[in-house]
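Peer 1: Build the complex: two chains, separate frames, hints provided.
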Amino acid sequence: MKKTKKPIRVLIAKPGLNGHDRGAKVLTLGLRDEGMEVIYTGIRQTPASIAKTAFQEDVDVVALSCLSGAHNYLFPKVVELLREKGMNEVLVIGGGIIPLDDVPSLKEKGIKAIFGPGSAIKDIANFIRENVKR
Amino acid sequence: MKPYIVGLVNGMVAGSEGCLSKLITLVEDDSPEVPEIMKMIYPHLGRAYCVGITGAPGVGKSTLADRLTAIARGKGLSVGIVAADPSSALHGGAVLGDRIRMQQHFLDNRVFIRSMATRGSQGGLPASISNITKLLDAFGKDIIIVETVGVGQTEMGIAKVADTVVLVLSPDAGDSIQFMKAGLIEIADVIVVNKADHGYAENLVDELKAVLLFSPSNAKHHTVVLPTQAINNVGIEELYKELENRRTGVRAV
Numbered sequence: 001m002k003k004t005k006k007p008i009r010v011l012i013a014k015p016g017l018n019g020h021d022r023g024a025k026v027l028t029l030g031l032r033d034e035g036m037e038v039i040y041t042g043i044r045q046t047p048a049s050i051a052k053t054a055f056q057e058d059v060d061v062v063a064l065s066c067l068s069g070a071h072n073y074l075f076p077k078v079v080e081l082l083r084e085k086g087m088n089e090v091l092v093i094g095g096g097i098i099p100l101d102d103v104p105s106l107k108e109k110g111i112k113a114i115f116g117p118g119s120a121i122k123d124i125a126n127f128i129r130e131n132v133k134r
Numbered sequence: 001m002k003p004y005i006v007g008l009v010n011g012m013v014a015g016s017e018g019c020l021s022k023l024i025t026l027v028e029d030d031s032p033e034v035p036e037i038m039k040m041i042y043p044h045l046g047r048a049y050c051v052g053i054t055g056a057p058g059v060g061k062s063t064l065a066d067r068l069t070a071i072a073r074g075k076g077l078s079v080g081i082v083a084a085d086p087s088s089a090l091h092g093g094a095v096l097g098d099r100i101r102m103q104q105h106f107l108d109n110r111v112f113i114r115s116m117a118t119r120g121s122q123g124g125l126p127a128s129i130s131n132i133t134k135l136l137d138a139f140g141k142d143i144i145i146v147e148t149v150g151v152g153q154t155e156m157g158i159a160k161v162a163d164t165v166v167l168v169l170s171p172d173a174g175d176s177i178q179f180m181k182a183g184l185i186e187i188a189d190v191i192v193v194n195k196a197d198h199g200y201a202e203n204l205v206d207e208l209k210a211v212l213l214f215s216p217s218n219a220k221h222h223t224v225v226l227p228t229q230a231i232n233n234v235g236i237e238e239l240y241k242e243l244e245n246r247r248t249g250v251r252a253v
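These protein sequence lines are chains A and B, in that order. Just so we're aligned, residue 1 is where the first sequence starts under our numbering, counting upward by one. Just so we're aligned, residue 1 is where the second sequence starts under our numbering, counting upward by one.
So here's chain B without its partners, still in its complex pose (with noise of 0.2 Å):
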């Protein structure tokens, strides 16, 4: 073991953000010391509760971060979020603009807040995702927020990081057609329709509940739909009752 990456370990453990952020830095250039890195976090783990945010570019997935965030912070909770923005296939270069929705928590010495370019990652995340929720797991962060990068109907990537997936669809997604369609509508544990003050929301939401009471699977996953305006603050406390009791259903099963 490297004395250098057995103090970063040892820093964030002990709770040093400036040794997380550097260990975050470590494993998203998926440098050589990523797997030693990851062992000596294993025992850290298994504490956190994440949280995915998916949906299309602009549908207010950083706006709920930021609420969901501050009810959190409201119950005692710290908070780590990893947001997930595309880079170019033209030159690589990024401009990571999810931050900017979040600055009532920048200076709370309980949130941590990371930007991420996908680097070439299919399916709306980083590669290095989910060792990158490992770490704030193992820095001891009560909840993780993963939002990922602006999605259509296939990236799937946040099924696997996360205990919850939030799906975040605006007003005008579509009619009862697109959501009969496979992919990935079929992952989200909860449907948000944000925007809600817009005129056809209403609608969205039953054509919603209807073709989730005809699909057989769900009678199994048990998908909910809720409205909200995210930057109204209408509807959040809804949405984190419902993560609260998914949270309970994730650890009874």
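So here's chain A without its partners, still in its complex pose (with noise of 0.2 Å):
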């Protein structure tokens, strides 16, 4: 096979009390192929767990999946857990149901982009392959 040396890891989680997968599963599958390494967290994460996963992966992006509401609390909280443990470079950004009203206020807390549904898995890839530092 060809070999990749550096692939981009990515993180997909779920944080919250919200069970609906479906889009972080297609994701992970979608970044799979486009030749990403993806390590899917499973469902009902709370924002540490989720940053200590991110810590100890040294992953390259952590993409949050929310379709409960609580995104205007959980993501930035994830954020905040990410550079408190010196995460400075990871991407962040986001997906499920998010009102685009609250799309400009997670901007400023970090969350680099918000992809909603009907969003295209190669816009996604290439935003991160786009955005990565490395």
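All the pointers check out, no bait thrown in.
With a straight-line Cα cutoff of 25 Å, these simulated SDA-like cross-link-like pairs (lysine to any residue) come out: (1) A:LYS6 / B:LEU90; (2) A:LYS85 / B:VAL6; (3) A:LYS107 / A:MET87.
No wet-lab data here; the hints were simulated from the structure.
Peer 2: Here is the structure:
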């Protein structure tokens, strides 16, 4: 096989009490097929467990999925904990059911992009490639 | 020596998980600094006990690793886990899904879990695995658990890194003829029949014991067979005890 030396490492995580993981699983497979190494945490994770996982796995990207409406608390909390651990370079993106009105404040708090329903996997993969610092 | 590397190694030896994590990435990526890193950590090696867990996909390797870790933690030992999953031969991507079975340890500061893709390496483990276990040893982990990708009959990489190899089978793994064949079965120190609540399990345990009894090479190797139900926490204490015994054995030789 073609030896890809340094694939981009992505953590796909679902914070909070929301069990709808179809989107997270579709994205896991989609980014796998884009040549990335994707770690999936499973549902109902706390911001602390997500940050710890990202830290131990030394990922380049943390992709957060939330459909329960708690994104305004959970997403910035993950960013805050990542920064506390010194992960200042990690790219954080989000998805799920996020009202457009919430997007600007999430971006201000360090979530670099929000990909809602209908987003193309190619677009997400390209955004990651263009914005990952490594 | 590059100051950046010296800083990372000193930080890791002093107990920084962040430095350990970064060093694992450098070694995994086969960076030019690897020989320098390995040379620096050499004085800190030789303390950890490395247990390998191998077997077909879905037999319960990750769940067993999780349960064994819980027992080790109960005894106050620190644990490092490296869990491998395959890289795609088509595009190089991977889904690393072992960690999901180990959630009870996510916030334990004395458990370090790292997921790795094989990145084109054969044998059930990434090429860098031996050096990665050395990093965890130098970091000070008491027990290192290496979990291979789901394997079949010929993936032997684990024999080179683990002090003790646990081969996990599911109860429908086959009849005695399957276990007379050469290959993976020959390097197992402990054969676990997981999901032992299944009706076929008792029969498989008996067949395995019979084959081991017939095997001339096993007179020296002393492979044992143990039934477990990882998700129900049944048989795990016995497995842990056996691994402890094996460790003493390894040291006595």
